[in-house]
Amino acid sequence: MKHELKFTVNGHPYELHIRPKTLLVQVLRDHLGLTGTKRGCSCSSCAACTVLLNGMAVKSCSVLALQAEGAEVLTVEGLARGPELNPLQQAFLDHGAFQCGFCTPGMLMAATALLRETPKPNKDQIREGIDANICRCTGYNSIIRAVTAVANGEYQEAAK
Amino acid sequence: MVYQCPVCKKISSAGLDLARHMIGRGDKEHRDWISSRGFKYSELLALQFKSFGGEGYKALAEVLEKETRVEG
Amino acid sequence: MSTYSVIGKRVRRVDGPDKVSGRAKYTFDLVLPEMLYGKILRSPHPHARILSIDTSKAEKLIGVKAVVTGKDTLGRKNGIWRRFPELCDEEILCRTKVRYIGDPVAAVAAVDEDTAEEALDLIDVEYEPLPAVFDPLEAIKEDAPQIHEGVELNINVTRHIEWGDVDEAFKKCDYVREDQFKCSSQAHMAMETHCAVASFGLDGKLTVWTSTQSSYYVQRLLADMVGLREGDIRVIKPATGGGFGGKFELDSPQFCASVLSMKVCKPVKIVLQREEEFTASKRRTPMYCYSRLGAKKDGTLLAKEIRVITEGGAYTGMGATCLYLTGFFSSFPYRYPSYRYDGYRVYTNTAPTSAMRGFGAPQSTFVSEGQLDMLAADLGIDPVQIRRLNGMVPNHEVPGQATVQSCGLPECLDSIDQHLRQRGKLPPDHGIGIAAYGFMSGGIFNWFDTPYAFSAAIVRVNIDGKVDLFTGACDIGQGSDTTLSMICAEELGVALEDIRIHAADTGICPVDLGAWGSRQTLMTGNAVKMAAADAKRQLLEFAAAKLGANIVYDLDIKDRHVHLVDRPEKGFSYYDIVKQAIRGKDGEAIIGRGHYTPHRKGMVSPAYSFGVQAVEVAVDRETGRYKLLNVTTAHESGTVINPVGIEGQLEGAIMMAGGYGFCEDQPMDDGRILNPSIAEYKLIRSLDMPETKILEIDTYEPEGPFGAKEAGEGLTNPTAAALGNAIHKAVGVRINSLPITPEKVFRALQDQKQ
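Protein chains in written order, with this note's numbering: chain A, 1 to 160; chain B, 1 to 72; chain C, 1 to 754.
I should point out that these hints are in silico values taken from the structure, not numbers from a laboratory. Computed from a prediction, not measured in an experiment: that's the story for all the values here. Think of the CB as a built atom: it goes at the ideal place given N, C-alpha and C, for glycine as much as any other residue. It is possible that some hints are incorrect.
Here are the computed distance ranges between Cβ atoms for each label pair [to be verified]:
id	chain 1	residue 1	chain 2	residue 2	range
1	C	Gly63	A	Lys123	30 to 40 Å
2	C	Cys265	B	Glu43	49 to 59 Å
3	C	Arg10	A	Lys120	18 to 28 Å
4	C	Gly227	A	Lys123	53 to 63 Å
5	C	Arg83	B	Lys58	51 to 61 Å
6	A	His12	C	Cys265	30 to 40 Å
7	C	Val264	A	Arg19	21 to 31 Å
8	C	Arg10	A	Gln156	13 to 23 Å
9	C	Gly227	A	Arg19	33 to 43 Å
10	A	Arg81	C	Gly63	39 to 49 Å
11	C	Cys265	A	Glu4	34 to 44 Å
12	A	Asp131	C	Gly63	35 to 45 Å
13	C	Lys205	A	Lys120	35 to 45 Å
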């Protein structure tokens, strides 16, 4: 029994037929090959699978793909424009805000959602914004510095 | 007066020190010697971690003082 | 004054663009045509005999392609201490007996994960449960169940270190303290769980993509276990999502995927679920410690005796190394005239314990730095002062064990002292505790029994000046690909973007032992530097003829400019000389080779780094809760190759080591880990993370590439100890068991009131 799913991922429209129990993360990774979105657990407690669903940060392992019907999904693959990394990605590079990189896609999406909602977050707001996301390598502070740098306008948005 | 380890010949100046050495080494030869004198090695070893290791050692030290004394 | 062009610069990581764009491919992401998905059936019993395994129902399930048990293996026992066969004790797929909850008994390959999972439920295993033992102090009793045949009292390994006359020295002490401590376990919790894709072809060759800290170890150990020649196995490490010591032994996904793939001649992928990762991969070693410390009235340390009994779990793994290093680092970073360590590693029916970042030293640092603070307080001596009085200095010899060359501990102590003064008087119930530490830059002792150099590198200079760097070193996130590329660029005199690194693929890279024991910057760095120098010399031979230099050593390359060292203006472009040199060599690309094996540096490590950390806490006396406010670390690691990398290592270590002191634990009930999920396993998240400050101390290590040494694991050592000392400073209670939970602090405060 397959259901139809129509939605947009990173600006591209998709039409799929999927089993109703399929999770959003499975559709992204296994059906669309967008493996940037990671899974670090199966109980929505590590947030490595964070994507934006209609602009809201969600853990894509706790969302059924069918719940994304008609929605716009943004994953880490949708942040850069061609070869041009976006400000947050550049700031992550400059501040060493990643090491193994496995949590990075989720971290970037959580930070993206935060900056959309609160363009000038203070340190505590940044800490709260990424508190669901586990990083075992960096100790978070470099991530906080990177997000702060973007919020302070140190990185100009690439030409749109 | 010194005491010599009956297994590896290490010299100690007190029976208690030698007892600590023998339990500490804990290889089969040392263990066998300790067992041959009627002690339970595992109990002595456990004592090292559970208490600060007085009584269990003292009993072994007494035996060692009798048996391993050498002129030094 | 640094004259380096690349080293010490704040560069973007070479793997950075892929990682921030989601393009980096991990083993976890890998999909091959015809690939099957594997799952592992694990023992529900801590100790049981396997009477029979019936796989027939599972095999009949539609979509199942293969089921394997221990009977499908060669029945060999795996162990990374290859030089000592008695320590190779893990079948991985158990044939007759299981020894912990999670021991693998069968594996399935199917068309998808759900089918494989369903098949596991159809495998009937008949067990005869055996009496089990979980605590090392119980396991050493004569009447305890024997976990491995022939191992008396379940004592797996013992280690003894001794120098000086300890007993005599204690008699000369004015003051002696005896204390007991208990150190807990900790999960590596790498974000990418253990995983592997194994593909066996009809040509009889096996390729394994896996998340590992050492592709060479996996290749060699797999060869032993599946009966192929080393050369018939190619191990490739794609991007790897963390290791922390948990990924350099042969693990169950690698072995089971290989066995399954060899049966069906199709690729098989196995990814551990997070719960399996917690319960059935290895973990930090819990231990009971007894420590006796003696000093003169003025604080001069005269003697130390430490005894340790560790919970080994079911198998040896890297446990023998951990046990030794706990003993060795219990003496760090001080000059003890006499010292004795007796360590016992005991088999128990619990998940095996093994290497984890810090390698036995976070435990010993918690014990020794806690006790030293107590002793200093008893004698009325300032904590910084007692460390200064006894701390290691450059060119210190640890009797019979090791030679320390560079050592910046005195400067680190000065720096922390200044930090403490700057903080001045603290608010009530706040406290700053300090802990000093040292750590090795890779290990010397060849327990793996490899005939290869410990590190090796090949540098290939192509016609357009681009450089290919080949090394077996493994970047698991710590940034070795960047660090090694920087070393290569600096030595060769080119830019970082001229280098393309090809690492950790046994098919094309020279052998390197991999990422463990903080070895790669120094050891692989030396090999890379040598290979780059070799390539450079070949280029300069051509340049010498052109420039009319007396001898090739008068020449150098820097910033892609080939020149006379004394007259830098006289020279020409690197690109020109590359073209000519290759033409002149029958058209062969320039190939430089390098290797490094430590020698004449004692038996532990070629170099040691040092530091002192100050942890500030605020304690709530009513509840025992406390907050980590600030962690300031004075740290020296020789020449800093990659400053961004060091910041990351330091801050990341505080998250992990702070977690070890603060909240991380693996409580058990009859051998079952009670919190095997990220929701239940408490670790430091961004809201709990303290402010961090680094006070970098400048040193130069003669043995290291450009003077560099370790900067990865040592930083994991001090935090739990400094945290314990800080709590004591804040509210006067001393917690000698890890982790230091609010509950323990609360109870100690209650006792204090009475």
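Now the hints, each set against the structure:
1. C/Gly63 <-> A/Lys123: 30 to 40 Å: Given range 30 to 40 Å: violated, Cβ gap about 51 Å.
2. C/Cys265 <-> B/Glu43: 49 to 59 Å: Taking Cβ atoms as reference, C/Cys265 and B/Glu43 lie about 56 Å apart, which means the hint holds.
3. C/Arg10 <-> A/Lys120: 18 to 28 Å: Hint holds: Cβ distance 25 Å, inside 18 to 28 Å.
4. C/Gly227 <-> A/Lys123: 53 to 63 Å: Between C/Gly227 and A/Lys123, where Cβ atoms are some 57 Å apart, the hint holds.
5. C/Arg83 <-> B/Lys58: 51 to 61 Å: Between C/Arg83 and B/Lys58, where Cβ atoms are some 40 Å apart, the hint is violated.
6. A/His12 <-> C/Cys265: 30 to 40 Å: 37 Å Cβ-Cβ, so the 30 to 40 Å window holds.
7. C/Val264 <-> A/Arg19: 21 to 31 Å: holds, 26 Å
8. C/Arg10 <-> A/Gln156: 13 to 23 Å: About 20 Å separates the Cβ atoms of C/Arg10 and A/Gln156, which means 13 to 23 Å holds.
9. C/Gly227 <-> A/Arg19: 33 to 43 Å: At roughly 41 Å between Cβ atoms, A/Arg19 and C/Gly227 fall inside 33 to 43 Å, so the hint holds.
10. A/Arg81 <-> C/Gly63: 39 to 49 Å: holds, 42 Å
11. C/Cys265 <-> A/Glu4: 34 to 44 Å: Since the Cβ atoms of C/Cys265 and A/Glu4 sit about 38 Å apart, the hinted range of 34 to 44 Å holds.
12. A/Asp131 <-> C/Gly63: 35 to 45 Å: At 41 Å between Cβs, range holds.
13. C/Lys205 <-> A/Lys120: 35 to 45 Å: violated, 57 Å
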